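**Student:** Numbering of the sequence shown is given in full-length UniProt numbering, commencing with residue 1 and proceeding in unit increments.
The set of hints was computed from the structure by calculation and includes no laboratory data.
Every value quoted in this text rests on a predicted model; they were computed, and no experiment measured them.
All residues carry an ideal CB built from backbone N, CA and C; glycine is no exception.
Please note that a few of the clues may not be correct.
[To be verified] Subject to a maximum C-alpha distance of 25 Å in a straight line, what follows is the list of computed DMTMM-like cross-link-like pairs (lysine to aspartate or glutamate):
1. K85 - E33
2. K32 - D84
3. K32 - D92
[Stated by the list, open to error] Quick list of the computed label-pair ranges, beta carbon to beta carbon:
4. G34 - L7: 36 to 46 Å
5. I45 - G11: 14 to 24 Å
6. L4 - V37: 39 to 49 Å
7. A51 - W30: 12 to 22 Å
8. G62 - G95: 18 to 28 Å
9. A3 - S36: 20 to 30 Å
10. R63 - A15: 11 to 21 Å
11. T55 - L4: 17 to 27 Å
12. G34 - L6: 24 to 34 Å
13. H35 - L6: 33 to 43 Å
14. A97 - W30: 16 to 26 Å
15. E33 - Y108: 33 to 43 Å
16. A3 - V37: 22 to 32 Å
17. R81 - G11: 12 to 22 Å
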Amino acid sequence: MSALFLLKTLGLFIATAIAEIVGCYLPYLWLKEGHSVWLLIPAAISLALFAYLLTFHPAESGRVYAAYGGIYVLTAIVWLRIVDKSPLSNFDLIGTAFVLTGMGILVYGWR
Numbered sequence: 001m002s003a004l005f006l007l008k009t010l011g012l013f014i015a016t017a018i019a020e021i022v023g024c025y026l027p028y029l030w031l032k033e034g035h036s037v038w039l040l041i042p043a044a045i046s047l048a049l050f051a052y053l054l055t056f057h058p059a060e061s062g063r064v065y066a067a068y069g070g071i072y073v074l075t076a077i078v079w080l081r082i083v084d085k086s087p088l089s090n091f092d093l094i095g096t097a098f099v100l101t102g103m104g105i106l107v108y109g110w111r
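Whenever a hint applies, use it, and build me the whole structure from the sequences.
**Tutor:** Put into structure tokens, the structure is as follows:
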């Protein structure tokens, strides 16, 4: 497995996670924070992009979803810190490390 392949896959996972998070965050803003209902349009587009990006991942769908979950957790934790401006706890960091370890096992184990 080449370094370029790993970087491309990681970038694709991150883009997929951001599309999913944005697609869920915008309805949250509408429902919980009273923002415009028009946020549902970019939310739907973002979720469609999320589903589309999943088709580019280089393995069986179930394995991709499982490995993607690790990057999703990492991206959500970064989102929590940057967008929500919430400090991260040791439990956030330790939990993320465990999830990424599991993801690494999935990614390297199937090769």
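**Student:** It remains to establish, for every hint, whether it holds in the given structure.
**Tutor:** Right, here's what the structure says about each hint:
no.	hint	verdict
1	K85 - E33	16 Å, holds
2	K32 - D84	14 Å, holds
3	K32 - D92	24 Å, holds
4	G34 - L7: 36 to 46 Å	40 Å, holds
5	I45 - G11: 14 to 24 Å	20 Å, holds
6	L4 - V37: 39 to 49 Å	43 Å, holds
7	A51 - W30: 12 to 22 Å	21 Å, holds
8	G62 - G95: 18 to 28 Å	23 Å, holds
9	A3 - S36: 20 to 30 Å	44 Å, violated
10	R63 - A15: 11 to 21 Å	19 Å, holds
11	T55 - L4: 17 to 27 Å	21 Å, holds
12	G34 - L6: 24 to 34 Å	42 Å, violated
13	H35 - L6: 33 to 43 Å	38 Å, holds
14	A97 - W30: 16 to 26 Å	34 Å, violated
15	E33 - Y108: 33 to 43 Å	41 Å, holds
16	A3 - V37: 22 to 32 Å	45 Å, violated
17	R81 - G11: 12 to 22 Å	20 Å, holds
Going through the hint list in order, the structure does not satisfy hints 9, 12, 14 and 16.
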